[in-house]
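Enquirer: Chain by chain, the residues:
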Amino acid sequence: MPASNAPAPLNPDGSRRTFMKQAGGILGLALAPPFISQAERLTALSKKLEGVSTINLNVNGTLRSIRAEPRVTLLDALREYLDLTGSKKGCDHGQCGACTVLVDGRRVNSCLTLAVMSQGKEITTIEGLAKGDELHPMQAAFLKHDGFQCGYCTPGQIMSAVACVNEGHAGSEAEVREWMSGNICRCSAYPNITAAILDAKGQMGKG
Amino acid sequence: MNNFSYIQADKAKDATAAKRDDKSAAFIAGGTTLLDLMKLSVENHDQLIDVNMLPFRGIESTKDGLRIGALERMSDVAAHPLVARQFPMVAESLLLAASAQLRNMASIGGNVLQRTRCGYFRDTAFPCNKRNPGSGCPALTGDNRNLAILGTSDACIATSYPGDLSVALIALDAVLTLENAKGKQRQVPLTKFYLLPGSTPQRETVLEPDELIVAVTIPQTEMARRSKYLKVRDRASYAYALVSAAVGLEVQGGTIKAARVALGGVGAQPWRCFEAEKALVGQPATEATFRAAAEVALRGAKPREHNAFKVEMAQNTLVRALSEVAAA
Numbered sequence: 001m002p003a004s005n006a007p008a009p010l011n012p013d014g015s016r017r018t019f020m021k022q023a024g025g026i027l028g029l030a031l032a033p034p035f036i037s038q039a040e041r042l043t044a045l046s047k048k049l050e051g052v053s054t055i056n057l058n059v060n061g062t063l064r065s066i067r068a069e070p071r072v073t074l075l076d077a078l079r080e081y082l083d084l085t086g087s088k089k090g091c092d093h094g095q096c097g098a099c100t101v102l103v104d105g106r107r108v109n110s111c112l113t114l115a116v117m118s119q120g121k122e123i124t125t126i127e128g129l130a131k132g133d134e135l136h137p138m139q140a141a142f143l144k145h146d147g148f149q150c151g152y153c154t155p156g157q158i159m160s161a162v163a164c165v166n167e168g169h170a171g172s173e174a175e176v177r178e179w180m181s182g183n184i185c186r187c188s189a190y191p192n193i194t195a196a197i198l199d200a201k202g203q204m205g206k207g
Numbered sequence: 001m002n003n004f005s006y007i008q009a010d011k012a013k014d015a016t017a018a019k020r021d022d023k024s025a026a027f028i029a030g031g032t033t034l035l036d037l038m039k040l041s042v043e044n045h046d047q048l049i050d051v052n053m054l055p056f057r058g059i060e061s062t063k064d065g066l067r068i069g070a071l072e073r074m075s076d077v078a079a080h081p082l083v084a085r086q087f088p089m090v091a092e093s094l095l096l097a098a099s100a101q102l103r104n105m106a107s108i109g110g111n112v113l114q115r116t117r118c119g120y121f122r123d124t125a126f127p128c129n130k131r132n133p134g135s136g137c138p139a140l141t142g143d144n145r146n147l148a149i150l151g152t153s154d155a156c157i158a159t160s161y162p163g164d165l166s167v168a169l170i171a172l173d174a175v176l177t178l179e180n181a182k183g184k185q186r187q188v189p190l191t192k193f194y195l196l197p198g199s200t201p202q203r204e205t206v207l208e209p210d211e212l213i214v215a216v217t218i219p220q221t222e223m224a225r226r227s228k229y230l231k232v233r234d235r236a237s238y239a240y241a242l243v244s245a246a247v248g249l250e251v252q253g254g255t256i257k258a259a260r261v262a263l264g265g266v267g268a269q270p271w272r273c274f275e276a277e278k279a280l281v282g283q284p285a286t287e288a289t290f291r292a293a294a295e296v297a298l299r300g301a302k303p304r305e306h307n308a309f310k311v312e313m314a315q316n317t318l319v320r321a322l323s324e325v326a327a328a
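Same order as they appear, the protein sequences are chains A and B. So the first sequence is numbered by this note's numbering: it starts at 1 and just counts up by one. So the second sequence is numbered by this note's numbering: it starts at 1 and just counts up by one.
Pulled out of the complex, with its shape left as it was, chain A reads as follows (with noise of 0.2 Å):
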């Protein structure tokens, strides 16, 4: 399939994956307890935690508040509690980065991460990448340089992506090369993937 030449746009209708980012945002809503300080989350999270109890994230800007043991990892509680399932089971060992979120910023693999270790901080899902309609610029870089075949990785390539240009890794092939990895595309689009990135770059700056 040739890489077209504009990003293609949104499905205007709400697709599935719209659908259920507005439903799992009314249901976070009703959910998402009042904000509380800094302070008394400490005091909270010092006692220790058996058994099923309250985690609260924040996910894409939404404070969300879930009912899970100690256990359930951050890919879990966002793909089974709270229905965000852009990010990716792989090999759930850290290996191949398909689970790949921003946590403050920083990318991380969520297959390796606990969701009650994550209260208090800042997560971003690909599913938090687009402004409404508007793709992120490298979403939009991954369709017109068609950076993936059957799409799997391709959440975690992009998460992994922004970050590795945030951090400056993306002065050259080589170097995205380099520090993307931790992304495995078992289809082999990485030449497509490098370009996509490369592009982006140059866009992001200007946001």
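Everything labelled a hint here was simulated from the structure, so no lab data went into it. Positions of the beta carbon are idealized from the N, C-alpha and C atoms, including for glycine. Among the hints, erroneous ones may be present.
[Claimed, not checked] Between beta-carbon pairs, the in silico distance windows are:
| hint | chain 1 | residue 1 | chain 2 | residue 2 | range |
| --- | --- | --- | --- | --- | --- |
| 1 | B | Arg291 | A | Glu122 | 45 to 55 Å |
| 2 | B | Glu312 | A | Gly51 | 48 to 58 Å |
| 3 | A | Lys131 | B | Glu312 | 54 to 64 Å |
| 4 | B | Lys11 | A | Glu122 | 22 to 32 Å |
| 5 | B | Arg291 | A | Gly151 | 24 to 34 Å |
[As the list claims (entries may be wrong)] In the DSBU-like style, the derived pairs of lysine-lysine whose C-alpha atoms are separated by at most 35 Å in a straight line are:
| hint | chain 1 | residue 1 | chain 2 | residue 2 |
| --- | --- | --- | --- | --- |
| 6 | B | Lys23 | A | Lys121 |
| 7 | A | Lys47 | B | Lys184 |
| 8 | B | Lys63 | A | Lys47 |
| 9 | B | Lys63 | B | Lys13 |
| 10 | A | Lys48 | B | Lys63 |
| 11 | B | Lys39 | A | Lys89 |
| 12 | B | Lys257 | A | Lys121 |
Take the given structure of chain A and dock chain B to it, following the hints.
Expert: Relative to chain A, chain B alone:
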């Protein structure tokens, strides 16, 4: 992953006391090794003690050298100007390890305690003397391509520490600061921290159950400034070392005044090569000297069926690393 209780410790004493009182508890910082192994049921803990709120942070010059808080993350340490400028082999060992995501997560204290990638250790369907003492070692006659050739025993041939950072730290005589549940601190050089497998491969370090790593301090030397970490692996990026070399040299008028040499990927622990250092000091900084030292470094190697290639690979890696540092 088995279920566990979770506690976030505000004070070091709370953390170490909780660990002392619960033999099945584990500290968690980045979690990149721990959660991986818990998902495999290789480690099973009924309590995780989150130590991230403890004040073991900061990267600063002290009279004893560069002091790095144990909770600093690999990516932050690698990017720190003091580390990059004065300890290039440390920065390189960090940047050549894992992925950008894992480096953002993994703490320095946790890195030093990374566990082996031996496939039999990681798969609970197999016996393993390290995981289940006395059960046997299938690696001796099984797939041992990635395993150690120096310091091994008939009970275990794992590269007990598979990572990179400790190879650089052990070369530079780094010292760990540990703190126990009584609030007492002690200093342990990396060279005395790791234990050879012998007949007890389950004992990997001298760390006591109630002890926490507080910091690592690296002496500031000419060899630290003029140093290199060279890593050889199956892929260009994001792979454990088949062989790695951490070398530092002090050269005056073409003669080697002092040297630091350590190898990764070949030892049952990060492998400091004291004999090779002796073979370098006082000699001209030439390839012939480096080749002779490399042969000394691998003396006593005990390769197995699939990892015999590591002997020559380690020697060549060492010669190249020394040549590049001498020429720099």
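Enquirer: All hints are to be evaluated individually against the structure, with a verdict given for each.
Expert: These are the hints, each one checked on the structure:
1. B:Arg291 x A:Glu122: 45 to 55 Å: Once the Cβ atoms are compared, 54 Å apart, the range 45 to 55 Å for Glu122 of chain A and Arg291 of chain B holds.
2. B:Glu312 x A:Gly51: 48 to 58 Å: 55 Å, holds
3. A:Lys131 x B:Glu312: 54 to 64 Å: Between Lys131 of chain A and Glu312 of chain B, where Cβ atoms are some 56 Å apart, the hint holds.
4. B:Lys11 x A:Glu122: 22 to 32 Å: 26 Å, holds
5. B:Arg291 x A:Gly151: 24 to 34 Å: Taking Cβ atoms as reference, Arg291 of chain B and Gly151 of chain A lie about 51 Å apart, which means the hint is violated.
6. B:Lys23 x A:Lys121: 31 Å, holds
7. A:Lys47 x B:Lys184: Holds. Lys47 of chain A to Lys184 of chain B sits at ~25 Å (cutoff 35 Å).
8. B:Lys63 x A:Lys47: Roughly 39 Å separates the two Cα atoms, so the pair is violated.
9. B:Lys63 x B:Lys13: Holds. Lys63 of chain B to Lys13 of chain B sits at ~27 Å (cutoff 35 Å).
10. A:Lys48 x B:Lys63: 40 Å, violated
11. B:Lys39 x A:Lys89: OK: Lys39 of chain B and Lys89 of chain A at ~14 Å, within 35 Å.
12. B:Lys257 x A:Lys121: Cα-Cα ~50 Å, so violated.
When the structure is compared with the earlier hints, violations turn up for hints 5, 8, 10, 12 and for no others.
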